[in-house]
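Enquirer: As you go down the protein sequences, you meet chains D and U in turn.
Per my numbering, the very first residue in the first sequence carries number 17; after that it's consecutive.
Per my numbering, the very first residue in the second sequence carries number 152; after that it's consecutive.
What the hints contain is simulated information worked out from the structure, not anything from laboratory work.
Among the hints, erroneous ones may be present.
Partial selection, computed: residues in chain U whose CB lies under 10 Å from chain D [unchecked claim]:
id, residue
1, W160
2, T163
3, V165
4, G168
5, A169
6, S170
7, F325
8, G337
25 Å max Cα-Cα, derived DMTMM-like pairs, lysine to aspartate or glutamate [claimed, not checked]:
id, chain 1, residue 1, chain 2, residue 2
9, D, K173, D, E87
10, D, K173, D, D37
11, U, K227, D, D264
12, D, K173, D, E84
13, D, K173, D, D229
14, D, K173, U, D307
15, D, K173, D, E36
16, U, K227, D, D251
17, D, K173, D, E162
The C-beta atom is built at its ideal place from N, Cα and C for all residues, glycine as well.
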Amino acid sequence: MRPVSSPRWTRFLHGGPLVEDDAVRALSREARRVLGQIWRRRAAQELCTSALFAQLDAELRLFGAAPEVLELSARAIVDEAFHSELCLRLAEVYLAEPAVIEPLPEPAAPTFPVCSPRVQRALFAVLHCAVNETLAVNYLSACLAEVQSDAAQRVLKELLADEVRHARIGWAVLASPELTAQDRDTIARFMPALLDVCVGAWLADTQTEYPDDLPRGHGCISHVGIARAVAESLDAVILPGLRHVQIDTTAASSWLQRGAFGRAPP
Amino acid sequence: MGHFGAERWFHTLVVMGASLAGCGGTLAKEPTPSPELGGGGAGGRANAGRSGLGTAGAPRISDCAFAAQFVCQDYKTLTGCRCDPSAPLDKSACASPFDFVCDDGPCEPPPENSAPSLCTAGPAVGCRCDPQAPRPEDCATPEQFFCNTITNRYIDCACAPASSSTAESCPDEFCCQSANPRFGCGCDCILIR
Numbered sequence: 017m018r019p020v021s022s023p024r025w026t027r028f029l030h031g032g033p034l035v036e037d038d039a040v041r042a043l044s045r046e047a048r049r050v051l052g053q054i055w056r057r058r059a060a061q062e063l064c065t066s067a068l069f070a071q072l073d074a075e076l077r078l079f080g081a082a083p084e085v086l087e088l089s090a091r092a093i094v095d096e097a098f099h100s101e102l103c104l105r106l107a108e109v110y111l112a113e114p115a116v117i118e119p120l121p122e123p124a125a126p127t128f129p130v131c132s133p134r135v136q137r138a139l140f141a142v143l144h145c146a147v148n149e150t151l152a153v154n155y156l157s158a159c160l161a162e163v164q165s166d167a168a169q170r171v172l173k174e175l176l177a178d179e180v181r182h183a184r185i186g187w188a189v190l191a192s193p194e195l196t197a198q199d200r201d202t203i204a205r206f207m208p209a210l211l212d213v214c215v216g217a218w219l220a221d222t223q224t225e226y227p228d229d230l231p232r233g234h235g236c237i238s239h240v241g242i243a244r245a246v247a248e249s250l251d252a253v254i255l256p257g258l259r260h261v262q263i264d265t266t267a268a269s270s271w272l273q274r275g276a277f278g279r280a281p282p
Numbered sequence: 152m153g154h155f156g157a158e159r160w161f162h163t164l165v166v167m168g169a170s171l172a173g174c175g176g177t178l179a180k181e182p183t184p185s186p187e188l189g190g191g192g193a194g195g196r197a198n199a200g201r202s203g204l205g206t207a208g209a210p211r212i213s214d215c216a217f218a219a220q221f222v223c224q225d226y227k228t229l230t231g232c233r234c235d236p237s238a239p240l241d242k243s244a245c246a247s248p249f250d251f252v253c254d255d256g257p258c259e260p261p262p263e264n265s266a267p268s269l270c271t272a273g274p275a276v277g278c279r280c281d282p283q284a285p286r287p288e289d290c291a292t293p294e295q296f297f298c299n300t301i302t303n304r305y306i307d308c309a310c311a312p313a314s315s316s317t318a319e320s321c322p323d324e325f326c327c328q329s330a331n332p333r334f335g336c337g338c339d340c341i342l343i344r
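Required output: the full structure, derived from the provided sequences and hints.
Expert: Now the structure itself:
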């Protein structure tokens, strides 16, 4: 067991240590191994996300984001590092042994073929927060809805609470008066590509490193569940959200209606 | 309703998130900040020199001297609206600052000849003193009382008994949302100003 000392850990541990519970004990050794590996991989992904937030935070300062937004983005860097620790500790619960993070390559900030630095920065926030973190919120919410393990539930709740704030960063940037009508038109034209990248990443994960026969209730919903969470997120949050912040959704709706991620058109 | 209730996230993520960007619409430009509240506060003047409903048809926020005094039965449809000159303009007007509550007003469209603008969060309207509003004394200790926003008014406040961090548990990180009155204390403050 590794020592932990961060303030959030101290607060988290007020709810008790993260330990094996009945739902975990009921699993086969193989199921625990696979779930442990998934949570360990998530720990590495969360570290990558922390690094991306560090880049985004710097860009948002140049963008001229509101102080409230910058407060969230700065905090998100630390949040994601904490998530990584949480995921790793949960991985250890499933693996019943110490685990280490296998570092992933340093993520590069996305670039977009537009001239305006302002739009570049906005698109970064849209991709990373308004779309990806919103998808994450719906995914985690779905995981929480079926979770059985107390340990997994505690971790999912922590992740979800933070991802809500992280998603708001993107929506705040999109609502920013810094963006002109022309900027909004440009962003609207990029939306299919952004959605394609994000949704593709969420669904690709299901096909490679995320077996569909995992026991339910441990923070890993089924492939069908992921696709449903993604579809609902697009239908009920992301597209209406774009309209709410005056981003034309004609192109995004066309992308959605093409059934770009294997679902029937609405 | 979606299987996972995705619709509920629209307000939580989009509306709340967009409101962090501030209000870039005409309402954000018109109010004159009151000395205490600053721009966008509940007491911002809606239209100096005018009071009452001086126009025919549906009354607007700008018909009232202060946005805080614009009261409607339904802000979405703007029905039953009036100006209430007795409405409090800021926290200091209530017996307890925690009693000062308002509704989120609608955005007004910009004039036709103005530059494109966006208003995703209207001003605070329909302000009043509500003695039933949550306050630190409701909690076991004031330190367990947290609000999402504290700047102009206390919004989404509640007791968080689980947040029982003490200064001893994190001497370098311990902080409070507010020092005077003291509340919302812990090892890392959750605060959206």
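Enquirer: Given the hint that K173/D pairs with E87/D, does the C-alpha gap stay at or below 25 Å?
Expert: 21 Å, holds
Enquirer: For the restraint on S170/U, tell me whether the closest CB of chain D is nearer than 10 Å.
Expert: Holds - the Cβ of S170/U comes within 10 Å of chain D, reaching about 8 Å at its closest.
Enquirer: Does the interface hint hold: is W160/U within less than 10 Å of chain D, judged Cβ to Cβ?
Expert: 5 Å, holds
Enquirer: Decide if the proposed pair is consistent with the structure: K173/D and D307/U, CA atoms, cutoff 25 Å inclusive.
Expert: Roughly 19 Å between the alpha carbons, so the hint for K173/D and D307/U holds.
Enquirer: Should the interface hint for V165/U be scored as holding, given a Cβ-Cβ cut-off of 10 Å against chain D?
Expert: For V165/U, the interface hint holds, since the closest Cβ of chain D sits about 4 Å away, which is under 10 Å.
Enquirer: Does the nearest C-beta of chain D fall within a distance shorter than 10 Å of the C-beta of G168/U?
Expert: 3 Å, holds
Enquirer: Please verify whether K227/U and D251/D have alpha carbons no more than 25 Å apart.
Expert: The hint holds at about 23 Å.
Enquirer: Do the alpha carbons of K173/D and D229/D lie within 25 Å of each other, as the hint requires?
Expert: Cα-Cα ~24 Å, so holds.
Enquirer: Take a quick look at whether K227/U and D264/D sit within 25 Å of each other, Cα to Cα.
Expert: 23 Å, holds
Enquirer: The hint names A169/U as touching chain D; please verify it with the least Cβ-Cβ distance against 10 Å.
Expert: This interface hint holds because 4 Å falls under the 10 Å limit.
Enquirer: Holds or violated: K173/D with E162/D, Cα cutoff 25 Å?
Expert: The hint holds at about 13 Å.
Enquirer: Against chain D, is T163/U within 10 Å by beta-carbon distance?
Expert: At about 6 Å, which falls below the 10 Å cut-off, the nearest Cβ of chain D leaves the hint on T163/U intact, so it holds.
The structure meets every hint from the earlier list without exception.
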